[in-house]
Amino acid sequence: MRKIIAFLVLVAIVWLSQAQAANYMYEKNSIKGVGYLEQEKIVQTQVGFSGQKLVEHVAGSGNVVLLRTELEAERQLNGSGSKMACEFPNTCAMDYINYTKEAEFEYMPISYQTGQYDAKWVDKLCVQNYRIGAVLTEMYSHAEHLQRTTEVKTRGYDNSCVENCCTGVLEANINSNVIGVAHIGWISRDPEPNRLLKGRHAEYGRSVEDLTGVFAVEKFVQLWGNSTCGAISVDWLPCV
Amino acid sequence: MIGALLIFLSAPSFSQDLPVDTIHTKSIHMAGIVEESKITIKDSWASPCPDSIRLRDDAYRTPPEVVLPMGWLAYVSQSVIGSWNGSYAPMAFQTIDR
Numbered sequence: 001m002r003k004i005i006a007f008l009v010l011v012a013i014v015w016l017s018q019a020q021a022a023n024y025m026y027e028k029n030s031i032k033g034v035g036y037l038e039q040e041k042i043v044q045t046q047v048g049f050s051g052q053k054l055v056e057h058v059a060g061s062g063n064v065v066l067l068r069t070e071l072e073a074e075r076q077l078n079g080s081g082s083k084m085a086c087e088f089p090n091t092c093a094m095d096y097i098n099y100t101k102e103a104e105f106e107y108m109p110i111s112y113q114t115g116q117y118d119a120k121w122v123d124k125l126c127v128q129n130y131r132i133g134a135v136l137t138e139m140y141s142h143a144e145h146l147q148r149t150t151e152v153k154t155r156g157y158d159n160s161c162v163e164n165c166c167t168g169v170l171e172a173n174i175n176s177n178v179i180g181v182a183h184i185g186w187i188s189r190d191p192e193p194n195r196l197l198k199g200r201h202a203e204y205g206r207s208v209e210d211l212t213g214v215f216a217v218e219k220f221v222q223l224w225g226n227s228t229c230g231a232i233s234v235d236w237l238p239c240v
Numbered sequence: 001m002i003g004a005l006l007i008f009l010s011a012p013s014f015s016q017d018l019p020v021d022t023i024h025t026k027s028i029h030m031a032g033i034v035e036e037s038k039i040t041i042k043d044s045w046a047s048p049c050p051d052s053i054r055l056r057d058d059a060y061r062t063p064p065e066v067v068l069p070m071g072w073l074a075y076v077s078q079s080v081i082g083s084w085n086g087s088y089a090p091m092a093f094q095t096i097d098r
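So the sequence lines, in the order shown, correspond to chains C and B.
Counting from 1, position 221 in the first sequence corresponds to residue 221 in our numbering; the numbering is continuous, with no gaps.
Counting from 1, position 69 in the second sequence corresponds to residue 69 in our numbering; the numbering is continuous, with no gaps.
Hints are computed from structural coordinates only; laboratory data are not their basis.
Mixed in with the good hints, there may be bad ones.
What the hints assert, rightly or not - Here are the computed lysine-lysine pairs in the PhoX-like style, where the Cα-Cα straight-line distance is at most 25 Å:
| # | chain 1 | residue 1 | chain 2 | residue 2 |
| --- | --- | --- | --- | --- |
| 1 | B | Lys26 | C | Lys124 |
| 2 | C | Lys83 | C | Lys101 |
| 3 | B | Lys38 | C | Lys101 |
| 4 | C | Lys32 | C | Lys101 |
| 5 | C | Lys41 | B | Lys42 |
| 6 | C | Lys101 | B | Lys26 |
| 7 | B | Lys38 | B | Lys26 |
| 8 | C | Lys124 | B | Lys38 |
| 9 | C | Lys101 | C | Lys28 |
| 10 | B | Lys42 | C | Lys28 |
| 11 | C | Lys124 | C | Lys28 |
| 12 | C | Lys124 | C | Lys32 |
Construct the entire structure; sequences and hints are all you get.
Structure representation (structure tokens):
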């Protein structure tokens with residue numbers, strides 16, 4: 001009898017240890033109104049300095065004319081970069097984050113009987129792809145008026161089914177109109193540390209823009225693990 | 001006749017007063033990397049439409065006060081660095097501040 005109980009306990013432990021996190025995440029929301037808004041999104045497909053990561057922070061007071069976001073993320077790879085034991089609809093397993101945002105904010109102080117909010121708009125987005133060593137930052141601060149559309153897709157492919165050396169991609173379409181401060185940039189670094197650089201990661205490209213004033217920004221960024229990745233995954237005919 | 005001549009001579013100075021947007025474009029093509037960028041420095045900004053800040057049928061929020069000329073100073077900083085050979089040597093470097 002004791003042996004049977006011990007066996008059942010062992011089976012239960014093994015079964016529980018196979019329980020996993022929610023590896024597929026999807027969120028779609030739409031916000032309109034007047035008041036104070038603060039929003040934060042943090043998504044990652046792997047722990048530590050690997051996988052795909054997205055961090056977003058929005059805050060400000062005034063009129064939220066429109067705030068529509070759609071976020072989709074999935075872990076199809078385990079910590080070692082190999083496919084999990086599942087059947088996925090896509091042919092090559094990957095970690096990915098798809099993010100789309102359309103927003104328009106107007107700043108104004110807001111007073112309620114219980115308090116007062118007076119904060120110009122801050123809207124920060126950072127997307128990291130550790131598989132290919134690429135990062136993209138889109139940040140607006142001190143914004144009196146912000147109108148923006150952003151589409152970002154980041155992917156890291158399974159080691160065993162990488163075609164044409166394409167280990168992953170990070171692509172973005174950015175369109176914005178802003179009265180305020182904008183900081184937009186990207187970096188491409190070697191994902192492998194370099195012994196000759198004392199363990200640091202070689203930097204292959206960097207582009208940074210700092211804008212203060214009244215601007216319209218149109219930008220397309222394509223960061224690929226290799227130039228043979230096929231076709232872009234963001235909209236190739238975006239609204240301008 | 002003299003009046004027409006004066007108008008003709010002053011035409012270039014009038015044209016300089018027209019609002020003109022400044023456009024910065026940037027294009028980067030490297031192995032596996034593309035950036036196409038266009039930044040328009042706006043000379044004017046249309047105030048927010050009152051309809052968009054309507055609270056109720058009979059109540060409106062006061063839109064943010066936009067004083068012309070703009071209180072904002074236009075400042076643009078663009079920098080691009082590309083490297084090759086394991087980043088031991090810069091391949092291209094460009095910085096624009098104005």
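For a quick check of understanding: which of the numbered hints are violated here, in increasing order?
As far as the earlier hints go, 2, 5 and 10 are violated by this structure, in ascending order.
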